[in-house]
Structure formats: structure tokens, C-alpha cells
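Participant: Listed below are the residues making up each chain.
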Amino acid sequence: MSDLLENHIVDVIVLGTLVLSAVWAVLSPRLLRAVIGLAVASCCVTIALFRLDSPLAGVFELSVCAGLISAVFISTISLSQLETEESIAGASKERIRRYWYLPPLLVLVGIAVFQIRLVDFPEVARVGKDVRQVLWTERHLDLLGQVTVLLAGAFGVVVLFKENKKHER
Amino acid sequence: MLALLVLGPIAALLLLNLPWRNVPRWALNASVLSLAFAELFVAVSLPALLSGAGLPLLDQLHFGLVADDLTRIMLAAIGLVLGAATLVGQDSISGDRKHRLFCSLLLVSLTGMNATVLLSDFFSMYVFLEVTAVASFILIAQDRALLAIEGAFRYLILSAVAAVFMLAACGLLVLSAGGTSFDAVRAALSSGTEHGVLARVALGVFVLGMFIKGGVVPFHGWLPGAYGSAPSAVSVLLSGIVTKVSGIYALVRIVHSVYVPDAKLSMVLLVLGTVSILVGAIAALGQTDMKRMLAYSSISQVGYIVLALGAGGELGVVAASFHLFNHAIFKSLLFVVAAAIESRAGTSELSRLGGIGGKMPVTGATATLGMLSAAGIPPFAGFFSKLLIIVALFKSDHTYFAVVAVLASLLTLGYFLSMQRQAFFGKPAEGLEDVTEATSGFLVPALVLATITVFAGVLFPFLLDSSFSFLLLSKSLPW
Amino acid sequence: MNAELLSVYITAIVLVATAGLYYLLVTTNLIRAVIGLELVTKAVTVGLVLAGKLTGNTGLTQTLVITLIVVEVVVMVVAVGLILLGHKHTNGVDVRQLRNIKG
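Protein chains in written order, with the working numbering: chain S, 1 to 169; chain V, 170 to 648; chain C, 649 to 751.
Keep in mind that the hints were calculated from the coordinates and are not lab data. Be aware that a few hints might be false.
Below, simulated DSS-like cross-link-like pairs (lysine-lysine); rule was C-alpha separation at most 27 angstroms, straight line [claimed, not checked]:
#1 596/V / 528/V
#2 433/V / 267/V
#3 736/C / 596/V
#4 162/S / 267/V
#5 736/C / 162/S
Which stretches of chain S does chain C cover? Using the computed rule of at least three CB atoms under 8 angstroms from a CB of chain C, they are [what the hints assert, rightly or not]:
#6 9 to 22
#7 25 to 39
#8 46 to 54
#9 65 to 77
#10 99 to 113
#11 148 to 154
Taking beta-carbon pairs under 10 angstroms as the criterion, some of the chain V residues facing chain C (in silico) [stated by the list, open to error]:
#12 302
#13 310
#14 313
#15 319
#16 322
#17 328
#18 330
#19 332
#20 333
#21 344
#22 348
#23 349
#24 428
#25 432
Backbone N, C-alpha and C define an ideal beta-carbon position, used for all residues, glycine too.
Construct the entire structure; sequences and hints are all you get.
Facilitator: This is the structure we're talking about:
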């Protein structure tokens, strides 16, 4: 345990913050706070990715998840104007009833998982190519998939977001 | 060469959506239909095409696409259902802009499904299944009806949960096999070390994700809502092929090419299959809406496919593939009929549809053929695929399950007869006096699909020797 | 990577996934359901990258993660679009609408 704290304190802090912000996002009664919790969790994930030798993925995670997704959520919330005082007060008793299982559940699961004995994994030399090479030379099909899904998303935006015109010709 | 099957629809999609002034409906329909035909052509003549020269530009692309006889069956099914959906869409979707979006999304689904049946990597399967799923969500919700939005959202959430399972499985595969391609996984499974065990677990998690996407019990909750509330042309597409490709195809592909289930896994498949069959059939009996009854029937039939895979052996795989194809045909046929009825009578509630067979004779006739095939009556195709499944069960000493399968066929017959009686026979119900036969957009696909299901059945004893023996004898034939 | 650090990673992943799944199952608010989904996806992302780091295959897993992020963004945008559309219908939405979904 002490070895853990000495050498890997950064990792422990990052992962701890991740879990805490995730739990906070789940338990907080205000929707906006939940989104902020999600954004903080995204930042923690980014740092974790950097620590795991995956800088490019970390950058993506930061810009897309922490940035874009939070922006989308916040605009959704403001567009649908959900946060009125009455709704928060009314919902809180219900919430407590539904959510109070979660912290004990998490503690139990956490302890159970932590007890599982694992082996040391030696530092492995990097296998395979660098990420940019992999992306551009090996996984062309996935690239095509990304293009297609983005196209589909564009159609989705048109179908779902465009105002209904009065006349359909 | 195979890459064209995936690039073609995207190219068509881009072409159709350039900022033209106005894309006429016939152009949209023609492009989707021609792609569907091309698909059928490829399915039939694949070996000849593959032995020809490749295109130099395409060789630069490392798509890793493989094709074997299972692929051919899937391509044929995809092409047929897509064609049917296009024709139904032509007649049931009003509004040119809507129709353009519909055809564009059909092309996206086509890309996704083609890629899924051609690829050889588990992660790519996740990507393209999500592509198809996104197209499906948008298609379901395109009319912006509240019920459809709810159905689409529920499907989205469950589909995303399934995706998470698939991704977790990919993570485990990276750990155990060093990669996510079929070859890597096959190597890990046959190595026999703890890598093999982990890879097995990973495959199990992956298949769990597929079951959620495919509507296998107990993950079928989203299915009746989505099928029932979607616009008719979309229901044809969804029930005919999308759920099958998303859900069951991967299982068939895994059993066929990557890993043959051991006794425990086979038992899991057998039990899950049986439960699906029974739950679907019993629930179908109690439905009052035609589309929902058909949705539960789909759940039941998918159970048969899983049962066949549980029976195992090469006969099991052949039976599963054949039943998959047959289901695509007769289920799309029945949904086309439902769409036709809805277009004329304005409803799909069975209680309000009495006697419509008299008013819409061709529709009624094709519906009867479809139902007979689905219920497993000879000489239609459905009978033979069910027979194969039962034989496979007997041969692998699972007689108990075989008996249950036979009894469940009686249930299937039961709910279809009930549908026939309530909707098609008898005196025309009130409000249906002015109903006339459906337009050709519905009749053409109905007739084509009905013909196929009849001929596939009649010719099956002769076909069994030639084409399906390929499946029996060959494992995966790359390129 | 030593065993203890690995345990910490795996515990964190499982906890976040559990929290997200619980949220997804229990909430009646559509937006919260999407947040839960995002949390679970993050857990899987970290898991994937961890698997890559352990086997030395960081290039592959980064590629997978990048693709996965792109796909999930599109799914999320569609989800949000559906929520907003549904909101237009019922105006005041989320809790009541979901009763239909959970039922």
C-alpha cells in the first residue's frame, strides 16, 4: 500500500477523483451539477489516458467528451428549461429513496473488486505500430465507419432538429 | 472488389445529397433499388466475381473484407429486404424531402449491414453495427410522432448498452488475443492457455451485446415498441434484416468461423433459444395489434435460430442460416402486408380489420403464403428450415428441445391463424367499405417475397445438394 | 505495472461503470439516462486503454478509442435530438414521458 502511495500517487488521485466525480454526478439532484460532474470525470479520464501512454486518445477525450458533450448537454438543459425550483424540491424525497442504495453498493463492489488478487504485469515494450500509423494504414475500415456514422449523424440532425416547415411540398 | 459493396452505397449517398436543386423521387428509388439488385447479383455470382482481377486503387485499402457462403446468404437477404423497403417507402412516405432523407438513411443502413457481413474484425463489427443502429433510430423517429420517439429512444439506450458490452469484450480480446481480428481470436482460442479462457469470456460478453441488439429474450423489451411505432417502411427494414444482422449474424459467424461452442455454451444457447421461442409465441397470441403481433413473432423466430446454433454441428449452422434467410423473407413480406393494410384501412388493430382479405385480395393471398411459411407448413420454405433445425436437434441428442420446438410450431400456427381469422376472413368490418387493393409499391415486393418463399420451399430438396453443401463442406473461404 | 496499481485501476473502472449503469436503470429523467450512458462509456474507454498498455499495444487501443469516441458522440447527439423532439410534444416532459418508456 505504501509503495502504491509513494510511486503512483498521481494515478491514485486521478482515479479517486474520477470515481468521486462520477458518483457526485449520479447523486446530485441538480441536473447542471450532474453535467459538471461528468465533465470533471472526463478530465480525469484524460489524465488517466495520458498516464497510460495514450496521449492522442487523451486529447480526443478531452476535446470531445469534456468539451463538446458538456456543451451539448448544457444547451439541451437550457433549451428544455427543466430546472425549476418546484421540480427540484418535489423530486428530492423520491430521489433519496431511489438512490440511497448506491453508496453502500459502490463500497461493497469496490472492496470486492479490490480484493481480487492480480499479478504484476511487467513493462512491455511497445508492440505494433504507432497510433497514427495504425489508424491510417491498418484500420481503414474503421475510418470508413467513422465517416459513415458522421454522415448518418448529419442526417439525424436534419431530421430531428429542423423546424417543421408549414408546407410540405 | 468486395470493398465496392461498402463504398458503393456511400458514393450513392454522397451523390444524391449534393446540393442539387431537386432530386426526383424516381432517381432516389432507382439508386437504392439498383444497389439492391447489384447486391443480389453479387450474392448469386460471388465466386465468379472474386476470381476476376481486382481494381488497383482498391488494393491500397486494407479493409480486411472476407466473403464466404454465409456472406452470400446475408447479402441476398439484405438486398431483398432493402428493395422491399424502398418500394414500400415510395408508396407510404409522402413529402419529397422526407423521402430523400428516407432513401439516404436506407443507404447508410445498407453500408452498415454490408460492412458487417463482410468484415473480419470484432471492433469493426461494433462500428458498423452502430452505424446501422444510428440510421435505424433516425428512421424510426422520422415522422416525429411521440410514440415513435419513445420507441427510438428506448432502442437507443438498449443499443448503447449493448455497444458497451461489445467494447468491453474488445478490451478483453486485446488483452487475451493481442487484437480484435477474427484471426487473432481464433489463434488465441486454439492456444489452450489462459488466453484462451479469457478470449472465451470475451466472446461471451460480445454475444451478450449482440443478443441485446437482436431482441433475444430477456433483452427484447425495446423490440415491440420500436417495430410497432415506426413508419411501415421502416418496420419492414428493421424486422426483415436489421435486427438479424445486428443480433444473430455475429453469433452465426462466430460459430461458423471462429469458435465452435462447447457443451456448456451450447446448453446456454439452447435454453435461451427455447425461452425466446416460447415467450415470443405466447406473447404474440395475446396481441391485438398486427404489427406488435408480428414483432413478438420475430422474437420467437429468432429463438429458433439461436436454438439451431445451440444444436451445433455443421447441420446446425446450415439450419440457422437458412432459417435466418427465410425469416428475412417471410417477416418482411408480412410487414409489407401490414404496411399495405395500414395504407388503405388506416389502422393495424386486428379488431378493426375484419374481412380485409376480401377487399384486398392480392395482399391477402400473399399474406396467407407468408403466414403459412412462417408457421412451418410444407411445402413452403419455413417448413424446411424448421425441419432442418429439428433434425439438427435430434442428431445432437437434444430430443427434449426438439419436441419443444415442434410444439412451439403449433403455437406459431395458432397466432397466425388467429391473425388470419380476425383480419382477413369474415365480413368486412365497419369503416372498411371503401378499402381497395393496395398500390403497386406494396404489391410488387409482396409478390416477389411470396414467390421466393414458395420457390425456396419447393426447390429446397433439389437445392440442398448444391448450394447448401457448400456451407456443409467449407469453412470460411477468404477472398 | 504492479498488481496494486492495477487493482486500483480496475476498481475505479468497475465503480464508475456500476454508478453509470445504476443511474441508467433507476432514473426517470431522459437526460440523466444519457449521462449514465456516458459514464459507462468512459469506464470502458479507460478499460480499453488499460488493456492496451498492459499488452504494449497502445497504438491499436488508441485507434479504437478514437473511433469509439466519434461513434458515441453521434449516438449522443441523436439521443439529445430525440429528447428535444419529445420535449416539444409534451412540454415539461422528462419525468412523465419516461413512465411510458419504463413501463
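Participant: Now tell me if each hint is right for this structure.
Facilitator: Evaluated hints:
1. 596/V / 528/V: Distance of about 10 angstroms is within 27 angstroms: holds.
2. 433/V / 267/V: Since the Cα atoms of residue 433/V and residue 267/V sit roughly 49 angstroms apart, the hinted pair is violated (cutoff 27 angstroms).
3. 736/C / 596/V: It is violated: about 42 angstroms lies between the C-alpha atoms, which goes past 27 angstroms.
4. 162/S / 267/V: 12 angstroms, holds
5. 736/C / 162/S: Judged against 27 angstroms, a Cα distance of about 12 angstroms means the pair holds.
6. 9 to 22: With 7 residues close enough to chain C, the hint holds.
7. 25 to 39: holds (count 6)
8. 46 to 54: holds (count 5)
9. 65 to 77: Holds: 7 residues of the segment 65 to 77 of chain S have a Cβ under 8 angstroms from chain C.
10. 99 to 113: holds (count 8)
11. 148 to 154: It holds: at least three residues are needed, and the segment 148 to 154 of chain S offers 4 whose Cβ sits within less than 8 angstroms of chain C.
12. 302: 8 angstroms, holds
13. 310: 6 angstroms, holds
14. 313: At 6 angstroms from the nearest chain C Cβ, residue 313/V passes the 10 angstroms test, so the hint holds.
15. 319: Interface hint status for residue 319/V: holds (5 angstroms vs cutoff 10 angstroms).
16. 322: Hint holds; residue 322/V Cβ to chain C Cβ min 5 angstroms, cut 10 angstroms.
17. 328: With a closest approach of 8 angstroms, the residue 328/V hint holds.
18. 330: 7 angstroms, holds
19. 332: 8 angstroms, holds
20. 333: 5 angstroms, holds
21. 344: 4 angstroms, holds
22. 348: Given a least distance of 7 angstroms, the restraint on residue 348/V holds.
23. 349: 8 angstroms, holds
24. 428: 20 angstroms, violated
25. 432: 29 angstroms, violated
Checked against the numbered hints given earlier, this structure breaks hints 2, 3, 24, 25; the rest are met.
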